[in-house]
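A.B. asks: Going line by line, the protein sequences match chains A, B, C and D.
full-length UniProt numbering numbers the first residue of the first sequence as 1 and each following residue consecutively.
full-length UniProt numbering numbers the first residue of the second sequence as 1 and each following residue consecutively.
full-length UniProt numbering numbers the first residue of the third sequence as 1 and each following residue consecutively.
full-length UniProt numbering numbers the first residue of the fourth sequence as 1 and each following residue consecutively.
These are computed hints drawn from the structure, not numbers from a lab.
Worth double-checking, as some hints may not be accurate.
Since the list can't tell identical chains apart, any single copy or any two copies may satisfy a pair.
Below, simulated BS3-like cross-link-like pairs (lysine-lysine); rule was C-alpha separation at most 25 angstroms, straight line [stated by the list, open to error]: (1) LYS44 x LYS3; (2) LYS251 x LYS44; (3) LYS186 x LYS44; (4) LYS44 x LYS267; (5) LYS251 x LYS3; (6) LYS267 x LYS251; (7) LYS267 x LYS186; (8) LYS186 x LYS3; (9) LYS186 x LYS251.
Number of protein chains: 4
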Amino acid sequence: MIKAGIVGGTGYTGVELLRILTLHPEVEVAAVTSRADAGTRVDKVYPSLRGYCDVVFTRPEIENLRDCDVVFFATPNGIAMTMAEALLALGIKVIDLSADFRLQDSAEWEHWYGVEHACPELIGEAVYALPEVNRAAIRAARLIACPGCYPTAVQLGFLPLLEHGLVDVGNLIADCKSGVSGAGRKAELSSLMSEAGESFKAYGVAGHRHLPEIRQGLRRATTEGVGLTFVPHLTPMIRGIHATLYARLTKSVDLQSLYETRYQDEKFVDVLPAGSHADTRNVRGSNRCQIAVHQPQGGDVVVILSVIDNLVKGASGQAVQAMNLTMGLDEFIGLELVPLYP
Amino acid sequence: MIKAGIVGGTGYTGVELLRILTLHPEVEVAAVTSRADAGTRVDKVYPSLRGYCDVVFTRPEIENLRDCDVVFFATPNGIAMTMAEALLALGIKVIDLSADFRLQDSAEWEHWYGVEHACPELIGEAVYALPEVNRAAIRAARLIACPGCYPTAVQLGFLPLLEHGLVDVGNLIADCKSGVSGAGRKAELSSLMSEAGESFKAYGVAGHRHLPEIRQGLRRATTEGVGLTFVPHLTPMIRGIHATLYARLTKSVDLQSLYETRYQDEKFVDVLPAGSHADTRNVRGSNRCQIAVHQPQGGDVVVILSVIDNLVKGASGQAVQAMNLTMGLDEFIGLELVPLYP
Amino acid sequence: MIKAGIVGGTGYTGVELLRILTLHPEVEVAAVTSRADAGTRVDKVYPSLRGYCDVVFTRPEIENLRDCDVVFFATPNGIAMTMAEALLALGIKVIDLSADFRLQDSAEWEHWYGVEHACPELIGEAVYALPEVNRAAIRAARLIACPGCYPTAVQLGFLPLLEHGLVDVGNLIADCKSGVSGAGRKAELSSLMSEAGESFKAYGVAGHRHLPEIRQGLRRATTEGVGLTFVPHLTPMIRGIHATLYARLTKSVDLQSLYETRYQDEKFVDVLPAGSHADTRNVRGSNRCQIAVHQPQGGDVVVILSVIDNLVKGASGQAVQAMNLTMGLDEFIGLELVPLYP
Amino acid sequence: MIKAGIVGGTGYTGVELLRILTLHPEVEVAAVTSRADAGTRVDKVYPSLRGYCDVVFTRPEIENLRDCDVVFFATPNGIAMTMAEALLALGIKVIDLSADFRLQDSAEWEHWYGVEHACPELIGEAVYALPEVNRAAIRAARLIACPGCYPTAVQLGFLPLLEHGLVDVGNLIADCKSGVSGAGRKAELSSLMSEAGESFKAYGVAGHRHLPEIRQGLRRATTEGVGLTFVPHLTPMIRGIHATLYARLTKSVDLQSLYETRYQDEKFVDVLPAGSHADTRNVRGSNRCQIAVHQPQGGDVVVILSVIDNLVKGASGQAVQAMNLTMGLDEFIGLELVPLYP
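The following block holds chain A by itself, in its conformation from the complex:
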């Protein structure tokens, strides 16, 4: 059994990791840390885990993670970069769900995250874990940077177009909508049900931290200059991201078969039949991305609909997928999660 540790087990990505790992046949959750809840049983904070998890929260210290084979960081940004080196030195693999190691350019990272990077020397080694793009690198990685939720939905939706040079990459638009769990388990006014419920709004239009991450991912698939407008919105539901992507075609091809071919071997990317609309409820609780391809009125604008569960394929599920790869397991084990509908 693989011994897994979770740093920051009280947030939504942390408890989602626990939901998945407690049933993972090859994994034993050996440690879950929480500065605030150290000493408390995990299932006291999360009654949904009663009967599935008898672990007690410990403090987030290397000492408490020493016996792990792999450690997940389900923490706010800025924590993983201070602990990764010590864990790697102990031969422990590190899978970071935060943004610390996502950007390869530390200067850009510091510009967007507003602090100095505590561990720039490891940035180069970190592998950006979007398996549909760089599976081989993930298998060989010690330090894994899990993609953000928006970047996962947007890249999986745009990549086939860029990989085949079919669109004007200087004019890409990603209009994205996220459920409120994306804001995390933080006591903030804007996340109150009275504020976020029964209402819809955009946020971070001036510039969101996922913009440089998406741009970096798209650049890897094209030689042209990427111009991307990314507008995130908050939609009154708990789980789910719906990315509506717009691009102008420069060549005429059968987009439906292009997408089906691109993802035919990808179990977690499901290209819907022509004419379909993707619905976040159909991926709720699962590690799947569903994609629908449209070319309205046969014009030269392509519209891609890409949906994921922000906490699963957008975070914890994809992190376990990366763990399976880097630990030499079947990529899909523990991730047979049928969506919860309705």
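Position chains B, C and D against the provided structure of chain A, taking the given hints into account.
C.D. replies: Leaving out everything else, chains B, C and D in the frame of chain A:
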């Protein structure tokens, strides 16, 4: 007192007309028709109106509307065009909330609505009632076509840019999100809370009936060829539309002051301070459109956020605004509706 | 014009007072205080009020309220009792929406609220403002204690039974459900949409502060000993309270006509036709309580369904109703609020 | 592998059976019927099942079920009673999720369901499948009647009190709240999100079909006459039932340990620690019932909070639990479902 009649009083736009008109100081609701509920008191079907409306539903026949000064059609498409002529002949003004008289090109109307138009001879006379664009014509009109909900939010958002020739009108994108009340009070599986709740999806990407209406409205503001991609989405809330509009700037101007100037005399269009995000909850229940203007990272893409309550400024409120104009009343009377927050 | 002040204008009852008072024909909002937002325009914090309120938040000091005729406290418990005396000394009427003056027994107040009462000498003078019970006293009051949200729904539902001695008052049960706005505008984990949405739970079963308040109100209507079990629940919606009340009949009467007679002159209490179910959406945004009376299978258990909007009849609307009374205005002025449906 | 058939696979209990059975290691879904969708792939109607279910809907005829070992009826009431006999004759076990075989008294069944029972001779053989009460009988059954959703939550909550004769069984109150999925996948106005969302209401107060079922279950646990008041409510969420149960204690005991002892061997009934509140989100998607025991202010009223997911422990999950028992499998296999939180 103006005697108003409502044809189709059992739908959401009908009951919203009643919510507004029952408190309108210059209007008396003289008749409300419903084929299904004829003979039943309105407040028996809508207990929310108890104490405010003692009218009894009658059958949708000219005879029952004879005493009205103005008649609203809050009906499905296809009804108003069969009754408008007879009402006008009686000197009764007609305000249609459905789509029957919105498109000036009857061939295009028949293409999108799939039936022959029953009254093409009146199309030319019908006035498209977006007061912020053609107030004078509305004042003089006998037959008024109220804009659709999406077209209201999209046109108010795009028009200043087109009126000043600031953007590439061949590449406009309108990514719109609507609450479920936009689907009307119809027993359909897709509108069940178990289906529409906690989920987000696009629909009608191949082509939605509001596309030609928006295009027609935008064409009036420009001499260039309009190219518009319109993607509507369903968001899990009851009221509200959020339009996120994208265009490429061809000139550099102070967009914030451009919008503030364009709407400075428009009481129902509120341009938010620079840097704001528009939130549908802040217009819930009111006849107001709130607009926020953004130019992400100072690039050449302009992003306009335009929000309305689909049942008020997007339907019944705007219809009453048109009535005020055509009946020679103060445009704002009866529409002093402070948004319901939270 | 009556000059009104609001202490604590940033909470939900505060902004709801503003929604109502900005359209009140006899009232001018002269001051709104907020320690945190002093110096900021109210409509900057609440864009829903743009165009309706140009007041700037001031600090909560007597000096800033000196010109008011009446001051509302929309504050957490513990504030009004420290400022009421000084305001009364200035001849300013005080209407407290918090719990400071609701309980006539200061010892019980201190037991349930856990602090010493700062102004016990005024408790005796304070009038509990449930107009349907003590209208005359409210008219004559200087210091008004507005009922809590649950107590309003429960008392209006139970009182007719107790006033006529029809039930076993030693065995009353009030199973109440509230929308999340009842928790106020406070950044708390339990009020996050991800926590409170799509879920239902009871809270405070061991003892809720509204229990002694309800008990005190019921005791005034009976000579027997009141035994009440009160269980509040949180339901995933923003506004509304639904009280389901159970009592055992000791006499046989026509309950429907009893309730209709009791409330026939009460404009804000609406007894629904026999066989109806009360639905919170039908009072949303209005100052009305709707009540349905049931006697399942003709047995000896009476079930009363009583619904209100917790922020209107359960708080700010009822406070304005009390203000109208104590300032000698028409009780209903400014409260003609048609429910927002859907 | 056990071959399972599902009659009525297009409703919510049907698709939930598919969610569970597609991952059940001992079961193969051999047939799924739907009169309306015969000939269509199941995953075309339910994209959430893409990749998990390649079955095609067939017509609901015995012929199409001949190869099954067990057949589930996830149909409206009235279907199972017309097909059960033929299936049993073929040696096929029948598990009915509808109400056809729940009541042992056919006269009472006909009174509440308003039609003549098509197969009264099988009523006596049918086993009411609440495993926590009659596990042995279920193991031996050919024809299984699955409990309703409300009856499951209410019986599991009340039974320990009745089994030990601790309360006045003549005065039981069950105030129950259900998510909207309980109304099924039927196009009805009252289930529209615009109607059921953001609102709370009681329904069926005069008499609900689950009343006689609950009463029958409670009578089995006591010799005294059962007097039950049952009031169901609709709460604006999709999944979950919260039963708030009230009874008057006639003896004084340690209720917490009584409940813990009663259910200590029941994996699907989880008695929460003293002082807890049960929250439907903590059982969402799982087959678990969580129960909290309260005795407010140490009085003689006991308040039991009992929560389930209406589609799992309240329907499809419990049906699979019964199947496991009657097919001689481990009772828990295929039901290791960690709740989806948040």
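A.B. asks: Check LYS251 against LYS3 for me: Cα-Cα at most 25 angstroms, and say if that holds within a copy, between copies, both or neither.
C.D. replies: neither (50 angstroms within a copy, 50 angstroms between copies)
A.B. asks: Go through the copies and call it for LYS186 and LYS251: within, between, both or neither, with a Cα cutoff of 25 angstroms.
C.D. replies: Answer is neither; intra-copy 46 angstroms and inter-copy 42 angstroms both fail.
A.B. asks: Checking an output row: LYS44 and LYS3, CA cutoff 25 angstroms. Within, between, both or neither?
C.D. replies: within (22 angstroms within a copy, 40 angstroms between copies)
A.B. asks: Within, between, both or neither: how does the pair LYS186, LYS3 come out at a Cα-Cα threshold of 25 angstroms?
C.D. replies: neither (28 angstroms within a copy, 40 angstroms between copies)
A.B. asks: I want to check one pair: LYS267 and LYS251. Are their C-alpha atoms no more than 25 angstroms apart within a copy, between two copies, both, or neither?
C.D. replies: neither (28 angstroms within a copy, 47 angstroms between copies)
A.B. asks: Go through the copies and call it for LYS44 and LYS267: within, between, both or neither, with a Cα cutoff of 25 angstroms.
C.D. replies: Between copies, since 18 angstroms is at most 25 angstroms while 35 angstroms is not.
A.B. asks: With 25 angstroms as the alpha-carbon cut-off, assign the pair LYS251 and LYS44 to within, between, both or neither.
C.D. replies: neither (57 angstroms within a copy, 31 angstroms between copies)
A.B. asks: Quick one: LYS267 to LYS186, C-alpha cut-off 25 angstroms, is that within a copy, between copies, both, or neither?
C.D. replies: neither (33 angstroms within a copy, 33 angstroms between copies)
A.B. asks: Between LYS186 and LYS44, at a C-alpha cutoff of 25 angstroms, which is it: within one copy, between copies, both, or neither?
C.D. replies: Result: close both inside a copy and across copies, 18 angstroms intra and 24 angstroms inter.
Violated hints for the displayed structure, listed by number in ascending order: 2, 5, 6, 7, 8 and 9.
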